[in-house]
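Based on the provided sequences and hints, a complete structural model is requested.
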Amino acid sequence: MRSAAHETYDLEHTISAIVNRYGGKAVGLIMALQDVQKHYRYLPVEALKLVAEKMVLPIAQVYAVATFYRAFSLTPKGKHHICVCTGTACHVRQATVIVDDITRNIGIAPGETTPDGEISYETVNCLGACALGPLVTVDDEYHGNMTVMKMAAVLDKLRGKHVSVKETVEETA
Amino acid sequence: MRQGNGGGDSVSPERLTSPEALNHLRERLLKQRDNSRTVINVCSGTGCLACGCSAVTAAFREALAESRLENVVELKTTGCHGFCERGPLVAVYPLGVFYQKVSPSDVKLIVDQTIKGGKLVNKLLYKDPQTKQVIPYEHEIPFYKKQMRLLLGLNMVMDPNSIEDYFILRGYQCMVRALFNMKPEEVVQEVLDSGLRGRGGAGFPTGKKWAACREAKAETKYIICNADEGDPGAFMDRSLLEGNPHSIIEGIVVGGYAVGAHQGFVYVRNEYPLAVKNLTYAIGTAREYGLLGRNILGSGFDFDIEVSRGGGAFVCGEETALIASIEGNIGTPRPRPPYPAEAGLFGLPTLINNVESWASVALIIEKGAKWFSSIGTASSKGTKVFALTGNINNTGLVEVPMGITLREIIYDIGGGCPRGKKFKAVQTGGPSGGTLIVESGEPEIHESLVAHGDIREEEEAISLLDLPVDFDELTKAGSMMGSGGMIVMDQDTCMVDMAKYFFNFLQEESCGKCLPCREGLQIILAVLKRIADGKGETKDLDTLEEVSQVMIDTSLCQLGGTAPNPVLSTLRYFRHEYLAHIQDKRCPAGVCKELVSHAIDETCTGCHVCFEPCPTDAITGKTKELHVIDQAKCIQCGACYQVCRFDSIKRVKRGGGDIVQLRAKEKWQPLKKRTAAVA
Ligand SMILES: Cc1cc2nc3c(=O)[nH]c(=O)nc-3n(C[C@H](O)[C@H](O)[C@H](O)COP(=O)(O)O)c2cc1C
Ligand code: FES
Ligand code: FES
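Going down the list, the protein sequences come from chains A and B.
Quick note, the first sequence lines up with residues 1 to 173 if you use our numbering.
Quick note, the second sequence lines up with residues 1 to 679 if you use our numbering.
Do not rely on the hints blindly, as some may be mistaken.
Here chain B is said to cover these stretches of chain A; the calculated rule only asks that three of the stretch's residues, wherever they fall, bring their Cβ under 8 Å from a Cβ of chain B [said to hold, decoys possible]: (1) 67-78; (2) 148-160.
Distance ranges between label pairs, derived from CB positions [stated by the list, open to error]: (3) A:P58 - B:R28: 52 to 58 Å; (4) A:E46 - B:I635: 41 to 47 Å; (5) B:P335 - A:E141: 40 to 46 Å; (6) B:E594 - A:K150: 46 to 52 Å; (7) A:D156 - B:I635: 17 to 23 Å; (8) A:D156 - B:H24: 55 to 61 Å; (9) A:P58 - B:K476: 45 to 51 Å; (10) A:T67 - B:T554: 24 to 30 Å; (11) A:E141 - B:K146: 32 to 38 Å; (12) A:D10 - B:E594: 49 to 55 Å; (13) A:H6 - B:F204: 41 to 47 Å; (14) B:R170 - A:V56: 44 to 50 Å.
Read the hints as simulated data drawn from the structure, not as lab findings.
Just so it is clear, CB atoms sit at the ideal spot from N, CA and C, and this is done for glycine as well.
Listed below in structure tokens is the structure:
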């Protein structure tokens, strides 16, 4: 067991380093919060308070920023991260079919994290690789031209299951 | 030579203190470079990365080492070539061969046959989907042939992480020209004369903005490059930043010199990690060479650039919201005037332009306003990059001179809709531009336009596809240029669903500061949902139009002001589709879930492919016999429709009794044929 004092020290240390990276100025607030989120996989309240203190900003401003931008989360995210693009180009290529399919498959809606803390699932409005739509990223790895069949294989791999991909079915055709 | 991948090895940067020093360096680099050697270019833009190009690059490195060619052949990783659909792309120079969909296992073949033997690898060559002709060379491929790649061109031949590559391609000469041979006023005049209009959406004359900012009285001024690109379906800004960051830097420095600013910010969205990385790296090397920072090239002019990573909110692309966001606040817009050119970042005069605009500036200064204004139409000069996406054969980035017709873009360059489906509409201008251009020769659209008073009954609707692409022509047709997203939709797209989609998007992205936008979006979205669910009433259409008008008239920023476009333009051209949803409880395109059911027809070969994806095991049937969908179990997820390779799964009108055949083939006969059949 690590002591509470230890954790406070770690937090203090991490936040200082991040805030200093941006010269301790408000211009770096969004970037600092992005880095904090990258480190903790969410924005802990303690961290927000520290950022405000070190940047000499009202906590209300830090909190407002942390809740305004969609990419920030005040609750812990999962170890793995699935992200489905529902931008216009992907929507036209039926991204909603994929969204519904994943929801059914892992049992959580976009924006949620599985109860075991393994997988977070969300949708975004364009990842800038629209030519490959519908597009899904899993832990920052891109999967283009997604279909329900391919998605099943990707999810199985994520869960560590090795299921033979449905080639057998294809052959019978 | 520095060899890509961000890792420099040979030339160690020396601080250049004069234009002559830059020229000397360039000459030295040119001498080192042997022009006859073979270069292999592997596209490493985001699109190709997503298709696995890093493995291809690694395979090349290995294969070249194995054949002891690593010192003879240059392997280069470049920015996006634009034809992302076909990635990973590999080009071999000086032959100019274009290989597509290359996998690591093909690499040995390329090295053995093409590099060593000068022969082509047939299976990797581009095959025209329509003519079936094999086209070995890049410049002969129809996708590239009709384009004019002034801004994107260098992406294909340079490593974005090698400033030396850029020097060789006459990089930073435009900056030299501005700093040493022109007065700031002359630079502003040049931009004015070029007729350049901002590429970020509104098409505001760039020179006028510069003149205003130059005249603003203040000690400190700022430059901002808007690289937020929140518009889903558009990725030209990303491609430029990733593939040729130095041209943006150059443009920004010139802008700073022209208006008297010494600090620039590039606001990039955090969802673009590669763009952030390449740009940051480019700024670093430019600084090392003395092309940024104090006393640039000994000119006495100081300028530096910082990268600001955005939070990924659509409204942050709006200039006043973007400024708030850089300052470390939430991204809400404020009323203009005062415009940023007078009071922007930290309340000081700020010149803000889009990425593509900055890249065009570099080009104008290098080649002159006269040259630039000779391209395009009377009111729209130069080229425009479009992101051609959606239901189209050749997806990718397309750079064309203004004045080209949409038909040329969609058919000649884009190759039309895939799988023989019928073209329905193209959406331009982004979600809040949300406007449509259609092939208005269709009978229903014709009727709709007549009913709406847009044309008289006896008038034959001309096809809007033949309009020249130009800021004003598009606006006249009720559409807009926007940032250049061009999303093509085929017969399987439902216009009510599209309108619903855009409103859902905008409702999520509205900052909520002003009431008309906040409430208006919710009201319209609720109505559209009702219509899509088959619960709409005819009077709902009036509500849509009324609320839209209020939003247009009273919203704080252009997000709310242009938000009604998707609903107004779909109502204008596709009123019949709305009416079908409302009166017949039918979705003609077969998209709206509440109104369609899936059924299998007699073309089914009994292949079982649809069994696997069905989440509710609703499909049954023996191998090689007709399958059936149990309607009680089916949840209309569309998974079977997506996998069926024989088009045997039909989307039909919901509700028992007669199954109405709604396949688009019947619905979409051209006007002339229809009347002939009747006669
Ligand atoms: C809701 C909204 C979103 C916008 N998003 C962008 C964007 O993502 N990128 C951009 O360059 N301009 C965007 N703009 C336009 C900017 O406000 C601004 O006009 C532009 O950056 C000016 O550059 P330009 O003159 O070079 O076009 C947006 C405008 C609005 C109203
Ligand atoms: S719309 Fe999906 S990546 Fe752009
Ligand atoms: S990323 Fe390779 S062509 Fe666009």
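Outcome of the hint check:
Beta-carbon proximity to chain B at under 8 Å applies to 5 residues in the region 67-78 of chain A; the threshold of 3 is reached and the given coverage holds. Coverage of the region 148-160 of chain A by chain B holds in this model, with 3 residues showing a Cβ closer than 8 Å to a Cβ of that chain against a need of three. Separated by about 55 Å at the C-beta atoms, A:P58 and B:R28 satisfy the suggested range of 52 to 58 Å. The hinted window of 41 to 47 Å between A:E46 and B:I635 holds, with their beta carbons roughly 44 Å apart.
About 43 Å separates the C-beta atoms of B:P335 and A:E141, a value consistent with the hinted range of 40 to 46 Å. About 27 Å separates the C-beta atoms of B:E594 and A:K150, a value inconsistent with the hinted range of 46 to 52 Å. Evaluation of the 17 to 23 Å hint for A:D156 and B:I635 yields a pass: the beta carbon distance comes to about 21 Å. The hint said 55 to 61 Å for the Cβ distance between A:D156 and B:H24, and at roughly 59 Å that hint holds.
In this structure the supplied range 45 to 51 Å holds for A:P58 paired with B:K476, their Cβ-Cβ distance being about 49 Å. For A:T67 and B:T554, the Cβ-Cβ distance of about 27 Å falls inside the hinted range of 24 to 30 Å, so the restraint holds. Separation of A:E141 from B:K146 is about 35 Å and conforms to the stated range, judged on CB atoms against 32 to 38 Å. Range check, A:D10 to B:E594: about 52 Å between beta-carbon atoms, so the 49 to 55 Å window is met.
The supplied range of 41 to 47 Å is broken by A:H6 and B:F204, whose beta-carbon atoms lie about 56 Å from each other. For the pair B:R170 and A:V56, the beta carbons lie near 47 Å from each other, so the given range of 44 to 50 Å is met.
The structure is inconsistent with the numbered hints 6, 13, although it conforms to all the rest.
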